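Enquirer: Sequence:
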Amino acid sequence: MKYFPFKVVVFCLVITPILYTITLAGCRDYLEKKYLSKIENGFIGNSSDLLNGSVPIEDRIAKNIQAILNRDTLIRMAQLDLEVQVTDSRGKIVYPIYVGTDEFEEDSLGYSDAQAVADKNFAMLNSGLKVNTVLHLDHGSFLANFIFALYSGMSLLIFFVFYRQGSKRAEEERDAKNALIHNLKQDLKEDEIRHEKLVEELNSERVELFKHIKQLDKKYQSEQKKAKINEDEMFNEIVGLEDRLNTYIELKKRRDVEINELKSSLEKYEQRKSAAKSGRSEFDFISKRFGTLYKNVDVSRKALDGFMNLTEELQIKAEETIYQLDRDPGSVIVKRKVFSGKKHKASCFEVLFAYTGRLYFMNHPNKTQVVVIGTKHTQPRD
9 MKYFPFKVVV FCLVITPILY TITLAGCRDY LEKKYLSKIE NGFIGNSSDL
59 LNGSVPIEDR IAKNIQAILN RDTLIRMAQL DLEVQVTDSR GKIVYPIYVG
109 TDEFEEDSLG YSDAQAVADK NFAMLNSGLK VNTVLHLDHG SFLANFIFAL
159 YSGMSLLIFF VFYRQGSKRA EEERDAKNAL IHNLKQDLKE DEIRHEKLVE
209 ELNSERVELF KHIKQLDKKY QSEQKKAKIN EDEMFNEIVG LEDRLNTYIE
259 LKKRRDVEIN ELKSSLEKYE QRKSAAKSGR SEFDFISKRF GTLYKNVDVS
309 RKALDGFMNL TEELQIKAEE TIYQLDRDPG SVIVKRKVFS GKKHKASCFE
359 VLFAYTGRLY FMNHPNKTQV VVIGTKHTQP RD
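For the sequence shown, the positions run 9 to 390 when my numbering is used.
Honestly, the hints are just simulated from the structure, not real lab data.
All figures in this text were calculated on a predicted structure; none of them were measured in a lab.
A virtual CB, placed ideally from N, CA and C, is assigned to each residue, including glycine.
Take these hints with a grain of salt, some might be off.
Quick list of simulated restraints, FRET-style, between CB atoms [claimed, not checked]: (1) K343 / H190: 47 to 57 Å; (2) D67 / G161: 40 to 50 Å; (3) H190 / Y228: 50 to 60 Å.
Lysine-lysine pairs mimicking BS3-like chemistry, simulated, CA-CA at most 30 Å apart [stated by the list, open to error]: (4) K384 / K15; (5) K219 / K233; (6) K128 / K46; (7) K310 / K343; (8) K234 / K219; (9) K375 / K345; (10) K343 / K384; (11) K303 / K325; (12) K260 / K205; (13) K375 / K343; (14) K375 / K310; (15) K222 / K234; (16) K310 / K15; (17) K310 / K325; (18) K100 / K42; (19) K303 / K343; (20) K176 / K15; (21) K222 / K233; (22) K310 / K384; (23) K71 / K100; (24) K138 / K46; (25) K193 / K205; (26) K261 / K197; (27) K226 / K260; (28) K15 / K345; (29) K325 / K296.
Turn these sequences into a full structure, and let the hints guide you.
Expert: In C-alpha coordinates, the structure reads:
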(Lines of atoms letter the chains of each structure in order from A and count residues from 1; the text may use other names and numbers.)
(Lines give C-alpha, C1' and ligand atoms only; values in the text may rest on other atoms or scores of the structure.)
Protein backbone atom coordinates (compact mmCIF):
# COMPACT_ATOMS: atom_id res chain seq x y z
CA MET A 1 0.00 0.00 0.00
CA LYS A 2 3.01 2.29 0.26
CA TYR A 3 3.10 2.97 -3.49
CA PHE A 4 -0.65 2.63 -4.16
CA PRO A 5 -1.66 5.61 -6.40
CA PHE A 6 -4.39 7.11 -4.19
CA LYS A 7 -4.03 10.54 -5.82
CA VAL A 8 -4.45 9.00 -9.28
CA VAL A 9 -7.59 7.17 -8.12
CA VAL A 10 -9.09 10.39 -6.74
CA PHE A 11 -8.09 12.27 -9.90
CA CYS A 12 -9.69 9.65 -12.16
CA LEU A 13 -12.88 9.52 -10.06
CA VAL A 14 -13.20 13.32 -10.16
CA ILE A 15 -12.10 14.06 -13.72
CA THR A 16 -14.24 11.35 -15.39
CA PRO A 17 -17.69 12.81 -14.53
CA ILE A 18 -16.40 16.36 -15.14
CA LEU A 19 -15.12 15.53 -18.63
CA TYR A 20 -18.27 13.47 -19.28
CA THR A 21 -20.54 16.41 -18.36
CA ILE A 22 -18.51 18.95 -20.35
CA THR A 23 -18.25 16.71 -23.41
CA LEU A 24 -21.96 15.83 -23.30
CA ALA A 25 -22.93 19.51 -23.17
CA GLY A 26 -20.42 20.34 -25.91
CA CYS A 27 -21.73 17.56 -28.17
CA ARG A 28 -25.28 18.75 -27.61
CA ASP A 29 -24.43 22.34 -28.57
CA TYR A 30 -22.31 21.26 -31.54
CA LEU A 31 -24.92 18.85 -32.95
CA GLU A 32 -27.76 21.35 -32.45
CA LYS A 33 -25.82 23.98 -34.43
CA LYS A 34 -24.81 21.42 -37.07
CA TYR A 35 -28.34 20.14 -37.68
CA LEU A 36 -29.78 23.68 -37.50
CA SER A 37 -27.43 24.77 -40.29
CA LYS A 38 -28.10 21.60 -42.28
CA ILE A 39 -31.89 21.94 -42.03
CA GLU A 40 -31.83 25.70 -42.77
CA ASN A 41 -29.91 25.02 -45.98
CA GLY A 42 -32.21 22.25 -47.24
CA PHE A 43 -35.69 22.43 -45.70
CA ILE A 44 -37.14 24.66 -48.54
CA GLY A 45 -35.62 22.81 -51.50
CA ASN A 46 -36.83 23.79 -55.02
CA SER A 47 -39.04 26.87 -54.63
CA SER A 48 -40.53 26.73 -58.15
CA ASP A 49 -43.14 24.13 -57.09
CA LEU A 50 -44.03 26.31 -54.14
CA LEU A 51 -44.46 29.48 -56.22
CA ASN A 52 -46.72 27.84 -58.84
CA GLY A 53 -48.94 26.37 -56.11
CA SER A 54 -48.46 22.70 -56.98
CA VAL A 55 -47.56 21.76 -53.39
CA PRO A 56 -48.23 23.49 -50.05
CA ILE A 57 -45.16 24.78 -48.27
CA GLU A 58 -46.02 22.78 -45.12
CA ASP A 59 -45.85 19.48 -47.02
CA ARG A 60 -42.62 20.44 -48.75
CA ILE A 61 -40.95 21.45 -45.44
CA ALA A 62 -42.11 18.26 -43.69
CA LYS A 63 -40.91 16.07 -46.57
CA ASN A 64 -37.50 17.76 -46.84
CA ILE A 65 -36.83 17.75 -43.07
CA GLN A 66 -37.83 14.11 -42.78
CA ALA A 67 -35.55 13.23 -45.69
CA ILE A 68 -32.63 15.08 -44.07
CA LEU A 69 -33.15 13.24 -40.78
CA ASN A 70 -33.53 9.84 -42.46
CA ARG A 71 -30.32 10.28 -44.50
CA ASP A 72 -28.21 11.25 -41.48
CA THR A 73 -26.08 8.28 -40.37
CA LEU A 74 -25.40 9.58 -36.84
CA ILE A 75 -29.11 10.03 -36.10
CA ARG A 76 -29.86 6.48 -37.30
CA MET A 77 -26.95 4.74 -35.52
CA ALA A 78 -26.96 6.73 -32.26
CA GLN A 79 -30.78 7.06 -32.25
CA LEU A 80 -30.55 10.78 -31.51
CA ASP A 81 -33.72 12.48 -30.27
CA LEU A 82 -33.67 15.67 -32.39
CA GLU A 83 -36.69 17.97 -32.08
CA VAL A 84 -37.16 20.31 -35.08
CA GLN A 85 -39.69 23.16 -35.20
CA VAL A 86 -40.31 25.63 -38.05
CA THR A 87 -42.39 28.78 -37.43
CA ASP A 88 -43.38 31.75 -39.60
CA SER A 89 -42.98 35.42 -38.74
CA ARG A 90 -46.19 35.39 -36.68
CA GLY A 91 -45.05 32.44 -34.57
CA LYS A 92 -47.36 29.94 -36.26
CA ILE A 93 -45.93 26.40 -36.27
CA VAL A 94 -45.32 25.24 -39.83
CA TYR A 95 -43.49 22.03 -38.89
CA PRO A 96 -44.31 19.62 -37.42
CA ILE A 97 -47.90 19.50 -38.77
CA TYR A 98 -50.41 18.52 -36.10
CA VAL A 99 -53.36 16.72 -37.70
CA GLY A 100 -56.75 17.84 -36.45
CA THR A 101 -55.96 21.55 -35.86
CA ASP A 102 -58.04 24.32 -37.41
CA GLU A 103 -55.13 25.59 -39.44
CA PHE A 104 -54.55 22.17 -40.97
CA GLU A 105 -58.23 21.87 -41.92
CA GLU A 106 -58.20 25.32 -43.50
CA ASP A 107 -55.06 24.49 -45.46
CA SER A 108 -56.55 21.18 -46.62
CA LEU A 109 -59.59 22.96 -48.04
CA GLY A 110 -57.39 25.35 -49.96
CA TYR A 111 -55.25 22.71 -51.70
CA SER A 112 -57.65 22.66 -54.68
CA ASP A 113 -57.00 26.33 -55.41
CA ALA A 114 -53.42 26.41 -56.81
CA GLN A 115 -53.32 30.19 -56.95
CA ALA A 116 -54.34 30.47 -53.29
CA VAL A 117 -51.67 27.93 -52.34
CA ALA A 118 -49.05 29.80 -54.39
CA ASP A 119 -49.99 33.11 -52.78
CA LYS A 120 -49.82 31.57 -49.33
CA ASN A 121 -46.44 29.94 -50.08
CA PHE A 122 -45.04 33.21 -51.41
CA ALA A 123 -46.30 35.16 -48.40
CA MET A 124 -44.69 32.71 -45.95
CA LEU A 125 -41.41 32.69 -47.89
CA ASN A 126 -41.41 36.46 -48.14
CA SER A 127 -42.13 36.94 -44.41
CA GLY A 128 -39.38 34.50 -43.46
CA LEU A 129 -39.33 31.14 -41.69
CA LYS A 130 -37.47 30.41 -38.46
CA VAL A 131 -35.98 26.99 -37.65
CA ASN A 132 -35.37 25.81 -34.08
CA THR A 133 -33.57 22.57 -33.18
CA VAL A 134 -33.39 20.96 -29.74
CA LEU A 135 -31.29 17.82 -29.20
CA HIS A 136 -32.41 15.71 -26.23
CA LEU A 137 -29.08 14.12 -25.29
CA ASP A 138 -30.00 12.65 -21.91
CA HIS A 139 -28.01 10.40 -19.57
CA GLY A 140 -28.41 6.79 -20.61
CA SER A 141 -28.65 7.51 -24.33
CA PHE A 142 -26.34 5.70 -26.75
CA LEU A 143 -24.05 8.69 -27.33
CA ALA A 144 -23.95 9.59 -23.61
CA ASN A 145 -23.08 6.00 -22.70
CA PHE A 146 -20.37 5.94 -25.38
CA ILE A 147 -18.78 9.15 -24.03
CA PHE A 148 -18.90 7.88 -20.45
CA ALA A 149 -17.43 4.52 -21.43
CA LEU A 150 -14.64 6.27 -23.36
CA TYR A 151 -13.59 8.45 -20.40
CA SER A 152 -13.99 5.54 -17.96
CA GLY A 153 -11.69 3.42 -20.11
CA MET A 154 -9.12 6.21 -20.27
CA SER A 155 -9.27 6.61 -16.46
CA LEU A 156 -8.82 2.87 -15.95
CA LEU A 157 -5.87 2.87 -18.33
CA ILE A 158 -4.21 5.77 -16.47
CA PHE A 159 -4.83 4.06 -13.12
CA PHE A 160 -3.41 0.76 -14.43
CA VAL A 161 -0.22 2.46 -15.66
CA PHE A 162 0.43 4.16 -12.30
CA TYR A 163 -0.54 1.02 -10.39
CA ARG A 164 1.96 -1.05 -12.37
CA GLN A 165 4.67 1.53 -11.69
CA GLY A 166 3.94 1.47 -7.95
CA SER A 167 3.90 -2.33 -7.88
CA LYS A 168 7.22 -2.45 -9.69
CA ARG A 169 8.80 0.01 -7.23
CA ALA A 170 7.46 -1.95 -4.24
CA GLU A 171 8.82 -5.19 -5.70
CA GLU A 172 12.23 -3.64 -6.33
CA GLU A 173 12.36 -2.28 -2.76
CA ARG A 174 11.39 -5.67 -1.34
CA ASP A 175 14.06 -7.43 -3.42
CA ALA A 176 16.68 -4.89 -2.27
CA LYS A 177 15.79 -5.45 1.40
CA ASN A 178 15.91 -9.22 0.98
CA ALA A 179 19.30 -8.97 -0.73
CA LEU A 180 20.64 -6.74 2.07
CA ILE A 181 19.43 -9.16 4.75
CA HIS A 182 20.96 -12.08 2.87
CA ASN A 183 24.31 -10.27 2.58
CA LEU A 184 24.31 -9.41 6.29
CA LYS A 185 23.64 -13.02 7.20
CA GLN A 186 26.48 -14.17 4.94
CA ASP A 187 28.86 -11.62 6.49
CA LEU A 188 27.93 -12.75 10.00
CA LYS A 189 28.48 -16.39 9.08
CA GLU A 190 31.89 -15.57 7.59
CA ASP A 191 32.84 -13.58 10.72
CA GLU A 192 31.83 -16.49 12.93
CA ILE A 193 33.90 -18.91 10.84
CA ARG A 194 36.94 -16.62 11.00
CA HIS A 195 36.51 -16.23 14.75
CA GLU A 196 36.38 -20.00 15.23
CA LYS A 197 39.51 -20.45 13.12
CA LEU A 198 41.38 -17.80 15.11
CA VAL A 199 40.42 -19.44 18.39
CA GLU A 200 41.55 -22.83 17.12
CA GLU A 201 44.87 -21.41 15.89
CA LEU A 202 45.52 -19.67 19.20
CA ASN A 203 44.71 -22.80 21.17
CA SER A 204 46.98 -24.93 19.01
CA GLU A 205 49.81 -22.39 19.26
CA ARG A 206 49.41 -22.22 23.02
CA VAL A 207 49.50 -26.00 23.34
CA GLU A 208 52.58 -26.25 21.14
CA LEU A 209 54.28 -23.49 23.06
CA PHE A 210 53.57 -25.13 26.40
CA LYS A 211 54.88 -28.41 25.04
CA HIS A 212 58.04 -26.73 23.85
CA ILE A 213 58.51 -25.00 27.22
CA LYS A 214 58.08 -28.28 29.03
CA GLN A 215 60.59 -29.94 26.73
CA LEU A 216 63.09 -27.18 27.31
CA ASP A 217 62.51 -27.34 31.02
CA LYS A 218 63.05 -31.07 31.05
CA LYS A 219 66.14 -30.68 28.96
CA TYR A 220 67.41 -27.98 31.28
CA GLN A 221 66.84 -30.11 34.35
CA SER A 222 68.44 -33.06 32.68
CA GLU A 223 71.47 -31.13 31.57
CA GLN A 224 71.85 -29.53 34.99
CA LYS A 225 71.86 -32.88 36.70
CA LYS A 226 74.15 -34.54 34.27
CA ALA A 227 76.98 -32.16 33.96
CA LYS A 228 78.54 -28.98 33.14
CA ILE A 229 76.47 -26.65 31.11
CA ASN A 230 77.63 -23.43 29.68
CA GLU A 231 75.80 -20.74 31.60
CA ASP A 232 76.05 -18.27 28.73
CA GLU A 233 74.42 -20.65 26.32
CA MET A 234 71.74 -21.46 28.84
CA PHE A 235 71.13 -17.77 29.51
CA ASN A 236 70.85 -17.03 25.79
CA GLU A 237 68.44 -19.90 25.40
CA ILE A 238 66.33 -18.57 28.28
CA VAL A 239 66.39 -15.09 26.77
CA GLY A 240 65.26 -16.55 23.47
CA LEU A 241 62.43 -18.37 25.18
CA GLU A 242 61.38 -15.17 26.94
CA ASP A 243 61.38 -13.33 23.63
CA ARG A 244 59.22 -15.99 22.11
CA LEU A 245 56.95 -15.86 25.15
CA ASN A 246 56.65 -12.07 24.84
CA THR A 247 55.92 -12.49 21.15
CA TYR A 248 53.22 -14.99 22.02
CA ILE A 249 51.76 -12.61 24.62
CA GLU A 250 51.63 -9.75 22.10
CA LEU A 251 50.09 -12.04 19.53
CA LYS A 252 47.55 -13.17 22.12
CA LYS A 253 46.67 -9.55 22.92
CA ARG A 254 46.08 -8.80 19.23
CA ARG A 255 43.96 -11.93 18.93
CA ASP A 256 41.98 -10.89 22.04
CA VAL A 257 41.31 -7.47 20.48
CA GLU A 258 40.05 -9.12 17.29
CA ILE A 259 37.92 -11.51 19.35
CA ASN A 260 36.42 -8.59 21.30
CA GLU A 261 35.62 -6.77 18.05
CA LEU A 262 33.87 -9.88 16.73
CA LYS A 263 31.95 -10.21 19.99
CA SER A 264 30.90 -6.55 19.72
CA SER A 265 29.63 -7.15 16.18
CA LEU A 266 27.68 -10.19 17.35
CA GLU A 267 26.19 -8.21 20.26
CA LYS A 268 25.07 -5.43 17.88
CA TYR A 269 23.48 -8.01 15.65
CA GLU A 270 21.65 -9.55 18.61
CA GLN A 271 20.51 -6.06 19.71
CA ARG A 272 19.05 -5.42 16.24
CA LYS A 273 17.23 -8.74 16.42
CA SER A 274 15.85 -8.01 19.90
CA ALA A 275 14.76 -4.45 18.85
CA ALA A 276 12.37 -6.00 16.33
CA LYS A 277 10.75 -7.95 19.17
CA SER A 278 10.43 -4.96 21.54
CA GLY A 279 7.56 -3.40 19.59
CA ARG A 280 5.58 -6.61 19.93
CA SER A 281 6.34 -6.78 23.67
CA GLU A 282 5.05 -3.23 24.21
CA PHE A 283 1.89 -4.06 22.24
CA ASP A 284 1.23 -7.14 24.39
CA PHE A 285 1.90 -5.15 27.58
CA ILE A 286 -0.60 -2.40 26.68
CA SER A 287 -3.18 -4.99 25.57
CA LYS A 288 -2.91 -6.87 28.88
CA ARG A 289 -2.98 -3.63 30.91
CA PHE A 290 -6.16 -2.40 29.19
CA GLY A 291 -7.77 -5.82 29.58
CA THR A 292 -6.99 -5.79 33.31
CA LEU A 293 -7.97 -2.17 34.09
CA TYR A 294 -11.03 -1.76 31.86
CA LYS A 295 -13.26 -4.83 32.12
CA ASN A 296 -16.21 -3.24 30.32
CA VAL A 297 -14.22 -2.02 27.30
CA ASP A 298 -12.80 -4.16 24.49
CA VAL A 299 -9.96 -2.38 22.64
CA SER A 300 -9.33 -3.72 19.10
CA ARG A 301 -5.87 -4.40 17.65
CA LYS A 302 -6.25 -1.47 15.24
CA ALA A 303 -7.10 0.81 18.16
CA LEU A 304 -4.04 -0.41 20.10
CA ASP A 305 -1.80 0.26 17.07
CA GLY A 306 -3.23 3.78 16.83
CA PHE A 307 -2.77 4.31 20.59
CA MET A 308 0.93 3.34 20.39
CA ASN A 309 1.48 5.85 17.56
CA LEU A 310 0.15 8.77 19.67
CA THR A 311 2.31 11.13 21.65
CA GLU A 312 2.54 10.67 25.43
CA GLU A 313 0.12 13.55 26.08
CA LEU A 314 -2.44 12.22 23.60
CA GLN A 315 -2.09 8.71 25.08
CA ILE A 316 -3.03 10.09 28.52
CA LYS A 317 -6.11 11.88 27.10
CA ALA A 318 -7.13 8.80 25.10
CA GLU A 319 -6.88 6.60 28.19
CA GLU A 320 -9.05 9.09 30.12
CA THR A 321 -11.74 8.64 27.45
CA ILE A 322 -11.41 4.83 27.70
CA TYR A 323 -11.76 5.15 31.48
CA GLN A 324 -15.02 7.13 31.03
CA LEU A 325 -16.35 4.49 28.59
CA ASP A 326 -15.55 1.78 31.15
CA ARG A 327 -17.01 3.55 34.22
CA ASP A 328 -19.79 5.78 32.82
CA PRO A 329 -20.39 5.56 29.04
CA GLY A 330 -23.27 8.03 29.29
CA SER A 331 -20.92 10.84 30.34
CA VAL A 332 -18.89 10.60 27.13
CA ILE A 333 -19.69 13.42 24.69
CA VAL A 334 -20.26 11.98 21.20
CA LYS A 335 -19.44 14.28 18.29
CA ARG A 336 -21.29 12.33 15.62
CA LYS A 337 -22.48 8.93 14.46
CA VAL A 338 -20.05 7.79 11.77
CA PHE A 339 -21.92 4.97 10.01
CA SER A 340 -24.65 2.36 10.44
CA GLY A 341 -26.55 0.03 8.17
CA LYS A 342 -27.32 -3.55 7.23
CA LYS A 343 -23.68 -4.57 7.31
CA HIS A 344 -23.07 -3.09 10.80
CA LYS A 345 -25.81 -3.93 13.28
CA ALA A 346 -24.45 -1.41 15.82
CA SER A 347 -23.72 2.23 15.14
CA CYS A 348 -20.19 3.63 15.38
CA PHE A 349 -19.64 6.90 17.28
CA GLU A 350 -16.83 9.46 17.12
CA VAL A 351 -15.37 11.09 20.28
CA LEU A 352 -12.85 13.96 20.38
CA PHE A 353 -10.01 14.18 22.92
CA ALA A 354 -7.23 16.75 23.30
CA TYR A 355 -8.65 18.66 20.28
CA THR A 356 -6.74 16.64 17.67
CA GLY A 357 -7.46 13.11 18.97
CA ARG A 358 -10.18 10.89 17.52
CA LEU A 359 -11.69 7.76 19.14
CA TYR A 360 -14.35 5.56 17.50
CA PHE A 361 -16.39 3.06 19.53
CA MET A 362 -19.41 0.77 19.17
CA ASN A 363 -21.93 -0.15 21.87
CA HIS A 364 -22.61 -3.86 22.43
CA PRO A 365 -25.01 -5.43 24.96
CA ASN A 366 -22.24 -6.46 27.38
CA LYS A 367 -19.26 -4.32 26.40
CA THR A 368 -18.18 -1.16 24.62
CA GLN A 369 -15.77 -1.87 21.76
CA VAL A 370 -13.13 0.75 20.89
CA VAL A 371 -12.65 0.31 17.13
CA VAL A 372 -10.05 2.94 16.14
CA ILE A 373 -7.84 5.48 17.96
CA GLY A 374 -6.08 8.18 15.94
CA THR A 375 -5.82 11.90 15.20
CA LYS A 376 -7.44 14.26 12.74
CA HIS A 377 -4.51 13.63 10.41
CA THR A 378 -5.28 9.88 10.28
CA GLN A 379 -9.06 10.44 10.27
CA PRO A 380 -9.61 9.89 6.48
CA ARG A 381 -7.66 6.63 6.58
CA ASP A 382 -9.41 5.44 9.79
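Enquirer: Quick one: which hint numbers does this structure break? Sort them smallest to largest.
Expert: none
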